[in-house]
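Q: Below, each chain spelled out in residue letters.
Protein chains: 2
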Amino acid sequence: MMSLEESVLQGDRLALARLLTQIENDTSDGRIALDILFPHAGKAHLIGVTGAPGTGKSSLVNQLALHFRRQSKRVAIVAVDPSSPFTGGAVLGDRVRMKDLSGDNGVFIRSMASRGSIGGLARTTANAVQVFDAAGYEIILIETVGAGQSEVDIAKLAHTTLVVEAPGLGDDIQAIKAGILEIADILVVNKADRPGAENAEKALKSMLDLGHPTQRVYIHHGSLAPAPLPVEEGKEARGSEMDVWVPPIQKTIAADGKGIDELVQHIARHGEYLKASGDWAVRERARLESEVEAALQSALMDQFHEHVPEDRFNKVVSQVFDRILSPGEAVKALTTGNGRLK
Amino acid sequence: MMSLEESVLQGDRLALARLLTQIENDTSDGRIALDILFPHAGKAHLIGVTGAPGTGKSSLVNQLALHFRRQSKRVAIVAVDPSSPFTGGAVLGDRVRMKDLSGDNGVFIRSMASRGSIGGLARTTANAVQVFDAAGYEIILIETVGAGQSEVDIAKLAHTTLVVEAPGLGDDIQAIKAGILEIADILVVNKADRPGAENAEKALKSMLDLGHPTQRVYIHHGSLAPAPLPVEEGKEARGSEMDVWVPPIQKTIAADGKGIDELVQHIARHGEYLKASGDWAVRERARLESEVEAALQSALMDQFHEHVPEDRFNKVVSQVFDRILSPGEAVKALTTGNGRLK
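The listed protein sequences derive, respectively, from chains A and B. Read in order, the letters of the first sequence correspond to residues 411 to 752 in our numbering. Read in order, the letters of the second sequence correspond to residues 411 to 752 in our numbering.
The shape of chain A in the complex, shown without the other chains (with noise of 0.2 Å):
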């Protein structure tokens, strides 16, 4: 019998419904799967889509995939919702998108909600990621609702990041446009035949330019620099002109699919751009990082807890609780004080 990751391999729907299942529960037959698929990941577009909810986000992302399609790309929608960690429901409305999308075997739609931490959530999506490119979709596009910190940390993720803005919200979200626009790589003002369209983008453009009075320096996810490119005989290392990348803001009303042609050649261009520049491998390499980082902090946790026994824990957390030491104290009190395990 075939395993579940070799089916995986060979395009078995199934064995991925399957496999994401695996992850999302975090079991040890998922992460074996995990490590095997690895080498195999590494070749997909990641594209970030978010925004505050009511700018219709879904059905962007909705003519974004059956574009992509036209042009034989196999596309993956993983829709994150970090709003709901108690429910566990997905607001994101997949049976909805499920309408225009269902039956095409070159598109693969997963919701996944927070169980847990919110950092929890954000590693599942990156192995949920990870197996989507693995298993060969060219396409990986990536839904967040909102505009907080979760929704940056998801970004991260991604290649390409679009942030998705619509007339008449309301004041305040005006104000949260201000974090969220420099994560942003394109903007798209969405419902732009709806009043107040023009008005959106102008608000954006100012701020793009209040932002960068000039250019606007491309401001990396991670904080290493650019790999450096090899340069081929007879020509010049890559010129200065690549090295910025200004966010063009695109209209659309994804109702009826306009200006996703432009915007999916945004998309193209932006994909382009980074591989030029190098930004591409800096910014797959600070992603890899950082899950490097996240299961290592996961190891020596779950080290921790086999180390030291359930009641010992208990009793500290018991005499922070009574006051008698600090947190920082429990700590020292658990470890050789400077975290060594004792």
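Derived by calculation from the structure, the hints in this document are not laboratory data. Please note that the accuracy of each hint is not assured.
The list cannot tell twin chains apart, which means a pair is met if one copy fits it or any two copies do.
[Said to hold, decoys possible] With a Cα cut of at most 30 Å, we get these calculated DSSO-like pairs of lysine-lysine:
hint: 1; residue 1: K566; residue 2: K661
hint: 2; residue 1: K742; residue 2: K453
hint: 3; residue 1: K615; residue 2: K566
hint: 4; residue 1: K685; residue 2: K725
hint: 5; residue 1: K725; residue 2: K566
hint: 6; residue 1: K742; residue 2: K566
hint: 7; residue 1: K661; residue 2: K483
hint: 8; residue 1: K453; residue 2: K725
hint: 9; residue 1: K612; residue 2: K742
hint: 10; residue 1: K566; residue 2: K668
Use these hints to put chain B onto chain A, whose structure you have.
A: Frame of chain A, contents of chain B only:
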């Protein structure tokens, strides 16, 4: 000369502001002060106020602060902004609220913006709250913007969580409520003079009824069972009527202070309920346990990075980047396989 923490305990506002900066920057002086102040904390009523942008949370918090001040209680406001991780700017409009509260020495307002991960922000906020608590602030209002996982994490700090809604904020915001509702101890429909307020109230009511067909059984933030209560002679153990908290829905107009009296009464009743039912202690313990866990996690990571030279770590990350090792295999390479340091 008096130490910073002594000055804080004596009510020196300047020292308090300085210490909060130390804590935001996670300095070693800040950590020491936290240890020293810890036994003095544990008395304040921590009140979380969360909800989507546009609901008028800041005005509401303002009004609550004014009201508690009339009861001669010392009030701290911690305005947490997880939406702006890059700019570090506070969007919560301190300037506006300052008008009513400035010049009152019984009120202290502090904005906190995320500088790194949301986990970091939640921890810094917890530490700031602890300092206010130790400094004798009896009411601590923790205001967060948005409705995502980040807010949930921060809400876990609070004894009493208010979820603020307002009429006419668009459709999908309804969908988001499902998750956030489950952390609500008290629901507030602010801007209740606007059209749609009755509908918003009805919608919330039916969501509450839907989630909890007969009576809402109280769901603890943590997973711990309630601490057993001492039963006085001749008295029965506290009955089941106190074991259930049905979140009230309160309409307010923060702009002119309508409904604030009633809201403050709900908050006081919830505090009494928590103490009578034993849930106060349960929440305290759960909160302190996650503080210990977080402190432990960062101590273990510090220890790891002390133990493993940076170039060794970077070399392993490079192997991951080259897809020679998976992140899981990288962790095994860096530890003895079960998370123990080599």
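Q: Decide, hint by hint, whether the structure agrees.
A: Hints, verified against the model:
When the C-alpha separation of K566 and K661 is checked against a cutoff of 30 Å, the pair qualifies only within one copy, where the shortest distance is 24 Å, while the shortest distance between copies is 39 Å. Taking identical chains as interchangeable, the C-alpha atoms of K742 and K453 lie at most 30 Å apart only when they sit on different chains, with a minimum of 25 Å there against 45 Å within one chain. In this assembly of identical chains, the alpha carbons of K615 and K566 lie at most 30 Å apart only when taken from the same copy (23 Å versus 38 Å across copies). Taking the shortest alpha-carbon separations for K685 and K725, only the inter-copy value of 23 Å comes in at or below 30 Å, while the best intra-copy value is 54 Å.
In this homomeric assembly, K725 and K566 come within 30 Å of each other (Cα to Cα) only across copies, at 22 Å, whereas the closest approach inside a single copy is 39 Å. Only between protomers do K742 and K566 lie at most 30 Å apart by alpha-carbon distance; the minimum there is 25 Å, versus 34 Å within a single protomer. For the identical chains of this complex, K661 and K483 are intra-copy neighbours only, at 24 Å inside a copy versus 51 Å across copies, given an alpha-carbon limit of 30 Å. With identical chains, the CA atoms of K453 and K725 are at most 30 Å apart between copies only, with a shortest distance of 22 Å across copies and 49 Å within one.
Taking identical chains as interchangeable, the C-alpha atoms of K612 and K742 are never at most 30 Å apart, the minima being 54 Å within one chain and 51 Å between chains. For a Cα distance limit of 30 Å, the shortest separation of K566 from K668 inside one copy, 28 Å, qualifies, whereas the shortest one across copies, 43 Å, does not.
When held up to the earlier numbered hints, the structure conflicts with hint 9 and nothing else.
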